[in-house]
Amino acid sequence: MASQPGRPFRHLLGLEGMTPDQIEPLLDLAESYALLNRSRKVPRDVLRGRTLINLFFEDSTRTRTSFELAGKRLGADVINMSVAQSSVNKGETLLDTAATLNAMRTDLLVVRHAQSGAPALLARKVEASVVNAGDGLHEHPTQALLDALTIRRHLGTLGGLTVAICGDVAHSRVARSNIHLLTTMGSSVRLVGPPTLVPSGLGELGVDIHHRMEDGLKDADVVMMLRLQRERMSSGLVPSAREYFRFFGLDRRRLELARKNALVMHPGPMNRGVEIESSIADSDQSVIQEQVEMGVAVRMAVLDRLTRSRHTA
Amino acid sequence: MASQPGRPFRHLLGLEGMTPDQIEPLLDLAESYALLNRSRKVPRDVLRGRTLINLFFEDSTRTRTSFELAGKRLGADVINMSVAQSSVNKGETLLDTAATLNAMRTDLLVVRHAQSGAPALLARKVEASVVNAGDGLHEHPTQALLDALTIRRHLGTLGGLTVAICGDVAHSRVARSNIHLLTTMGSSVRLVGPPTLVPSGLGELGVDIHHRMEDGLKDADVVMMLRLQRERMSSGLVPSAREYFRFFGLDRRRLELARKNALVMHPGPMNRGVEIESSIADSDQSVIQEQVEMGVAVRMAVLDRLTRSRHTA
Amino acid sequence: MASQPGRPFRHLLGLEGMTPDQIEPLLDLAESYALLNRSRKVPRDVLRGRTLINLFFEDSTRTRTSFELAGKRLGADVINMSVAQSSVNKGETLLDTAATLNAMRTDLLVVRHAQSGAPALLARKVEASVVNAGDGLHEHPTQALLDALTIRRHLGTLGGLTVAICGDVAHSRVARSNIHLLTTMGSSVRLVGPPTLVPSGLGELGVDIHHRMEDGLKDADVVMMLRLQRERMSSGLVPSAREYFRFFGLDRRRLELARKNALVMHPGPMNRGVEIESSIADSDQSVIQEQVEMGVAVRMAVLDRLTRSRHTA
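Protein chains in written order, with our numbering: chain A, 1 to 313; chain B, 1 to 313; chain C, 1 to 313.
Don't take each hint at face value.
Any copy will do: because identical chains look the same in the list, a pair fits if it lies in one copy or spans two.
Unchecked claim - Below, simulated EDC-like cross-link-like pairs (lysine to aspartate or glutamate); rule was C-alpha separation at most 20 Å, straight line:
1) K41 to D304
2) K260 to D45
3) K72 to D45
Treat the hints as calculated values from the structure; they're not laboratory data.
Predicted, not measured: the structure shown is a model, and the values here were computed from it.
Based on the provided sequences and hints, a complete structural model is requested.
In structure tokens form, the structure reads like this:
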């Protein structure tokens with residue numbers, strides 16, 4: 001991604017290298033779309049006549065729906081293409097898919113893929129603006145943007161905060177994008193979890209590593225829980241769900257170690273009783289539903305910005 | 001559902017408790033949409049800027065398509081979410097799904113679910129208006145409304161009629177919604193089928209029970225056949241398809257016991273040669289295709305009414 | 001299809017019997033849509049208020065997407081119905097599906113089906129205009145039209161050309177539609193491939209048969225490669241992919257036998273290294289991506305023409 005300060009960008013492949021003066025206006029625009037969503041007054045002509053293709057090589061009803069809604073509310077022609085993992089063979093096939101979508105005069109291409117870098121590869125082959133909707137263990141930039149917008153709405157800033165990201169960080173593109181964004185904006189990030197899921201090598205990203213929740217949550221402004229994929233248990237990286245909750249689940253006692261009124265976040269879908277106690281997920285400190293709402297707004301802002309930058313560039 | 005006479009309603013969860021002065025205006029509105037569908041003159045702005053989500057936990061191409069068409073013709077942004085039965089765990093997950101769709105600012109939520117009461121549960125958790133598109137063995141209200149509209153168009157009234165509902169009543173939410181509507185409107189309902197599929201306990205619903213087609217069809221104004229699910233045979237509730245047709249299939253001889261020009265109805269899809277003789281399904285007395293047409297019109301009326309009542313309430 | 005010269009047509013079931021004065025104006029209209037697609041200036045009201053249903057009994061993301069885009073860009077309400085092969089039983093069921101879609105007031109019905117003649121069968125039962133999107137071994141008319149448009153854009157004519165169609169012709173509805181169109185327009189067609197895939201009986205179609213690429217490609221203006229379905233190998237009709245490429249793959253050496261600057265075409269998706277060398281697929285002579293682009297434009301033209309002819313007829 002071209003990351004010159006203040007310049008429009010043509011793709012959204014990741015947040016690494018993005019600057020505060022690119023991020024803040026995007027969040028401002030998303031904020032205004034959040035209000036328009038509530039009043040059902042979104043202008044229908046922002047993306048009129050534009051084609052948005054949701055190209056999902058991994059299933060994700062939630063993220064796909066969020067992008068689909070964002071595109072439709074702005075008036076785009078939205079096409080869903082779910083590609084069963086099994087029918088994908090080689091990088092070559094991915095490039096042929098890119099060429100096909102390009103020939104169809106696609107304006108916006110939203111891509112989720114199990115391989116890190118797949119959206120970037122596509123971006124080099126298409127005229128469309130590409131949005132990374134999650135690629136392997138790399139990034140999931142719109143998730144971090146929606147997290148940031150949610151934080152900013154509650155705490156008024158993205159700078160000077162202490163954010164604890166807890167759980168399966170090693171396998172989380174959500175964590176990775178959040179680390180880039182939050183450190184860029186001047187906040188401190190702590191990664192918290194067992195050594196199997198939070199290896200010390202992650203310290204290279206400019207973050208603190210903690211293997212005990214009690215240490216990691218102390219005085220945090222934001223506690224961001226990650227979903228524990230069930231396959232982590234079958235592969236032996238963690239013991240049972242019950243054991244995991246006992247040591248790394250977010251409960252009332254642990255949350256009280258954080259700042260008073262610390263925000264509780266989760267990208268969803270939650271495993272209640274595994275990484276988070278159900279009552280905490282539904283408490284006043286939880287902004288989990290607001291994250292979903294800001295998700296649609298952030299995606300509208302991204303689609304809007306990318307389309308404008310293409311056509312005025 | 002708030003069922004005060006003449007009042008708008010916020011959800012359509014079932015027809016039990018609905019009053020004639022709620023039902024009749026809805027059918028009038030549907031009638032007008034049926035005409036607009038034929039002339040391709042549906043106003044596109046009735047649901048413009050509104051979000052309709054089709055949340056189907058059970059497959060049903062036919063019903064899903066009917067709601068999708070209804071929403072799109074009125075200008076809504078329509079999103080299909082098919083949730084594989086396997087990925088659904090507990091009621092808790094259903095509530096998290098509700099919370100997510102709520103956060104996305106959904107206006108209309110159409111739900112089909114294998115469990116009775118699931119749409120009502122969702123309705124308590126979302127700001128959207130919920131339409132029950134079939135829940136377990138409970139209700140399928142839009143099916144009964146479209147049946148009613150079809151009957152009214154041909155017989156001019158919904159009162160004072162004798163309607164025979166034949167076949168697998170015990171497992172039919174369609175039958176249940178029809179019983180509520182037809183008895184509310186002042187018609188008599190007869191349930192006809194073998195004791196395994198029409199247990200005598202159903203008499204509590206204020207209907208007559210018959211175990212012989214010859215008795216049940218006598219002088220009926222309407223003969224409504226139900227689909228026999230194939231699993232009823234494998235589970236031993238009925239013998240072979242051939243035996244079933246011999247005793248409970250609708251053929252010419254039996255139909256002649258009903259009133260002259262009695263209407264023949266079926267919610268589809270049909271098992272020709274099992275519950276209904278093919279030539280009867282295609283005869284002049286059959287209004288089966290008109291039921292499908294009225295289905296789209298009824299759903300347009302429901303979506304329209306629910307949206308208006310939300311925003312003027 | 002009514003094939004009187006110069007007359008509008010109500011369905012597009014195949015190209016057999018279509019006349020040049022039906023084909024040429026359709027390509028002209030498609031050409032203009034290709035330009036509008038590029039400038040994002042397609043008028044949104046051509047199909048406003050019309051319902052297009054994509055009824056696919058066989059999977060085809062590519063063709064389905066192309067029709068979906070075509071319909072949406074022209075403002076239609078587009079509904080996708082994918083019918084799993086397994087749930088389809090008998091011709092009777094297909095007719096019931098037709099009746100249902102008819103009752104829903106469908107204007108345009110795009111059908112792909114494994115059985116030859118299924119779209120024609122549907123066309124006799126519905127008021128909608130039916131477009132054949134591929135039926136068994138019969139025809140795939142929009143593919144041949146997009147091929148023709150691509151050729152015409154490059155060579156200026158569809159008459160007097162020599163077109164070599166190479167590969168699995170016996171199982172190709174694409175080949176069949178192209179043969180009809182190209183011979184109708186006054187070009188010569190050669191079929192090239194092993195006797196198992198290009199049986200001599202095909203000569204009845206008014207084409208030349210060649211079993212050696214070297215003979216078939218000599219002085220050809222257009223080289224059209226077909227996809228080799230993998231099941232042809234498992235069923236023993238061809239040896240390994242490697243052997244196939246050795247004898248029937250398109251490589252540089254063979255392509256040089258054709259006219260200088262002969263066009264290289266492929267309906268996609270390609271098996272690179274099986275029927276076509278990768279570098280040839282990406283060479284300056286390849287118009288494979290342009291075929292995809294013209295695909296959307298041709299489908300827009302077909303949908304437009306069919307709708308107009310229905311409503312002015």
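Verification of the hints:
no. : hint        : in the structure
1   : K41 to D304 : both (16 Å within a copy, 18 Å between copies)
2   : K260 to D45 : neither (44 Å within a copy, 47 Å between copies)
3   : K72 to D45  : both (10 Å within a copy, 15 Å between copies)
This entry does not satisfy hint 2, going by the numbered hints stated previously; all others are met.
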